[in-house]
Amino acid sequence: MSARGRGRILAALLLAATVAAPLVVPALTVQFATLWVMIILALTWDILGGQMGYNSFGNVVFFGVGMYASAIVQVGLFHDVGAYTAASGTGVYPFTPQQYYVGLALGILAAPIAAVAVAALLGTGMLGLRGHYFAIGTLGLGIAGGEFAASWEYVGGASGFLLPVFPGAYETRALFFYGLCAALGIVTFLVLRRLYAGRFGLALNAIRDDEDKAEALGHHTVRNKVLAWCVSAFFVGLAGAIFGNMNGLIEPREVAFSGATFGVWMVLMALLGGKGTLWGPVIGAIVFHVFKELFWTYLLGWQRVALGLLIVGIVLFFPLGLLGYARERWPSLFGRQAVEGAKR
Amino acid sequence: MTSLLEVRDATKRFGGIVANEGVSLSVREGEIVGLIGPNGSGKTTLFNSIVGHHALDAGSIRFGGREITELRVPQIARLGLLRTFQQTRVFRGMTGIENMLASAPPEGTGLAVMFGRSQPREAARADDLLQFVGLYEKRHLRAGELSFGQQKLLEFAMALMRSPRMLLLDEPTAGINPTLINNLVDRLQRANAELGITLLVIEHNMPVIMRLARRLYCLAHGKILAEGAPEQVQRDPRVLEAYLGAA
Numbered sequence: 008m009s010a011r012g013r014g015r016i017l018a019a020l021l022l023a024a025t026v027a028a029p030l031v032v033p034a035l036t037v038q039f040a041t042l043w044v045m046i047i048l049a050l051t052w053d054i055l056g057g058q059m060g061y062n063s064f065g066n067v068v069f070f071g072v073g074m075y076a077s078a079i080v081q082v083g084l085f086h087d088v089g090a091y092t093a094a095s096g097t098g099v100y101p102f103t104p105q106q107y108y109v110g111l112a113l114g115i116l117a118a119p120i121a122a123v124a125v126a127a128l129l130g131t132g133m134l135g136l137r138g139h140y141f142a143i144g145t146l147g148l149g150i151a152g153g154e155f156a157a158s159w160e161y162v163g164g165a166s167g168f169l170l171p172v173f174p175g176a177y178e179t180r181a182l183f184f185y186g187l188c189a190a191l192g193i194v195t196f197l198v199l200r201r202l203y204a205g206r207f208g209l210a211l212n213a214i215r216d217d218e219d220k221a222e223a224l225g226h227h228t229v230r231n232k233v234l235a236w237c238v239s240a241f242f243v244g245l246a247g248a249i250f251g252n253m254n255g256l257i258e259p260r261e262v263a264f265s266g267a268t269f270g271v272w273m274v275l276m277a278l279l280g281g282k283g284t285l286w287g288p289v290i291g292a293i294v295f296h297v298f299k300e301l302f303w304t305y306l307l308g309w310q311r312v313a314l315g316l317l318i319v320g321i322v323l324f325f326p327l328g329l330l331g332y333a334r335e336r337w338p339s340l341f342g343r344q345a346v347e348g349a350k351r
Numbered sequence: 267m268t269s270l271l272e273v274r275d276a277t278k279r280f281g282g283i284v285a286n287e288g289v290s291l292s293v294r295e296g297e298i299v300g301l302i303g304p305n306g307s308g309k310t311t312l313f314n315s316i317v318g319h320h321a322l323d324a325g326s327i328r329f330g331g332r333e334i335t336e337l338r339v340p341q342i343a344r345l346g347l348l349r350t351f352q353q354t355r356v357f358r359g360m361t362g363i364e365n366m367l368a369s370a371p372p373e374g375t376g377l378a379v380m381f382g383r384s385q386p387r388e389a390a391r392a393d394d395l396l397q398f399v400g401l402y403e404k405r406h407l408r409a410g411e412l413s414f415g416q417q418k419l420l421e422f423a424m425a426l427m428r429s430p431r432m433l434l435l436d437e438p439t440a441g442i443n444p445t446l447i448n449n450l451v452d453r454l455q456r457a458n459a460e461l462g463i464t465l466l467v468i469e470h471n472m473p474v475i476m477r478l479a480r481r482l483y484c485l486a487h488g489k490i491l492a493e494g495a496p497e498q499v500q501r502d503p504r505v506l507e508a509y510l511g512a513a
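Each protein sequence line maps, in turn, to chains A and B. Just so you know, we're using the numbering used here here: the first sequence kicks off at 8 and counts up by one. Just so you know, we're using the numbering used here here: the second sequence kicks off at 267 and counts up by one.
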């Protein structure tokens, strides 16, 4: 069977699982939705980290920017944001169902715009840096974002931003956000697959393999790099908007700009699954999320130790990630020629 | 015929070391010109200056009648002046085909172009050129898995991909076996004759450069030592002295 055929079957199975999961195990609906967000974070981290060879530790900024941008729009359309956050949780600023949905829709629209704007600004400044210098430059971005949001009283400061309450039952709410996350995950995957198959993918891979050579051939390298970060930010910003609403409360340091959790996890998931591949981050996110939840449930107190061991294990035994390992081990499964002269 | 590449009084220093001093050379459209000289005489530095890798300290460079002294590498490449590297450089993780397609970056910078797919005619051209250098059978192998000589051929094919007006080749035959050398020289001559690509070639292999070039420049200690027909330059006592290191 061809690699393409296998990919189709895999996709069909996953799609069936996507629809079935919340119906079969409704108690875990929010967990599944979170898994989709993790998949999006891993996929979008891999645009720079895997396909382009630029390790970014700052992508979590776009997550936070998306969250806050959406929240500000959702509330700002109908109330004064400063007064709303000051009176947080007291219920003096109600939303009708119609206001809720209109606000959510426009908030979700605003989030990627804000995130892309930030990426374009940061990228123009930072993506003139090469490789490791860029990676180090991005290290502080998440922390800076968190501190900034925590000290900005207009959006609730350190105590966070409480979002409008979903006008419906808990189960409906879970299913609603699950649907949004799943839809965004699938769209992200398809868009990236399309981009990687064209000139953009070639340009990113060329930069990864030899940036000087790409320049010597006349590539617009900086433009491609900034564009890649903007694509990343677009989807991360969307995911942030949805996740913030699903969570209900935006905490600046622990949720929105959490470099120590989402910021690190997105890197780990891509590495675990196999960076520089389309399916790798997806597989990595699923495996990682399952392990993480098991650790948190059954190894409480030791969960970080277990997670650390998992990381060491990945680096030692699967430096290319699960998919990368499989690809080197069984190349013919992936439609790739292994040795000279072998049949295609 | 007017000159396609015109270097005038190029000087380049690295700290106290003068790598190029008052170097002038010109290459006419359609020519094959050789650049020889002992190790460390500043040949690669001159190439780097021409393609905009670093700025000149003095002098000017014109290409196709246009001042390019201040332009950067990608801009010069887009004008149709490309170089290959002494230490062969290909995109190692990508297949031969992908290397070729990545060598034809889009002309436009609009989103629709940058996010678009490669054109079928680009794919056809990639196939033709891989055939031309004899790598068609290996087009689905990753470039990093090719032999050194094959990588040189691939790099040459990549340079042809965007139909350059002129190629600067830095030791195209260094480190590859004699059979492949003949192959490569033949392809270089055909690229010049059939595709009309002007060539400026750094080469240490004397039989190769004698076969290839119609005119030679010899560089020593950063200065042009001799210039002229290959036989004439080869017999020049100053050139012999520079190579053999007499006083």
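Everything labelled a hint here was simulated from the structure, so no lab data went into it. Glycine included, every Cβ here is placed at the ideal spot set by N, Cα and C. One should not assume that every hint holds.
[Claimed, not checked] Only part of the chain B face toward chain A is listed, based on derived beta-carbon distances under 7 Å:
no.	residue
1	337
2	358
3	371
4	372
5	381
6	382
7	383
8	385
9	386
10	417
[To be verified] Simulated restraints, written as ranges between beta carbons of each label pair:
no.	chain 1	residue 1	chain 2	residue 2	range
11	B	390	A	15	44 to 54 Å
12	A	340	B	462	26 to 36 Å
13	A	204	B	459	53 to 63 Å
14	B	280	A	15	54 to 64 Å
15	B	402	A	294	38 to 48 Å
16	A	139	B	379	24 to 34 Å
17	B	406	A	336	12 to 22 Å
18	B	280	A	190	54 to 64 Å
[Stated by the list, open to error] Incomplete in silico selection of chain B near chain A, CB under 8 Å:
no.	residue
19	340
20	355
21	375
22	442
Now for the hints, and whether the structure bears them out:
no., hint, result
1, 337, "12 Å, violated"
2, 358, "5 Å, holds"
3, 371, "5 Å, holds"
4, 372, "6 Å, holds"
5, 381, "5 Å, holds"
6, 382, "6 Å, holds"
7, 383, "4 Å, holds"
8, 385, "9 Å, violated"
9, 386, "13 Å, violated"
10, 417, "12 Å, violated"
11, 390(B) with 15(A): 44 to 54 Å, "28 Å, violated"
12, 340(A) with 462(B): 26 to 36 Å, "46 Å, violated"
13, 204(A) with 459(B): 53 to 63 Å, "37 Å, violated"
14, 280(B) with 15(A): 54 to 64 Å, "57 Å, holds"
15, 402(B) with 294(A): 38 to 48 Å, "40 Å, holds"
16, 139(A) with 379(B): 24 to 34 Å, "31 Å, holds"
17, 406(B) with 336(A): 12 to 22 Å, "19 Å, holds"
18, 280(B) with 190(A): 54 to 64 Å, "57 Å, holds"
19, 340, "5 Å, holds"
20, 355, "4 Å, holds"
21, 375, "6 Å, holds"
22, 442, "17 Å, violated"
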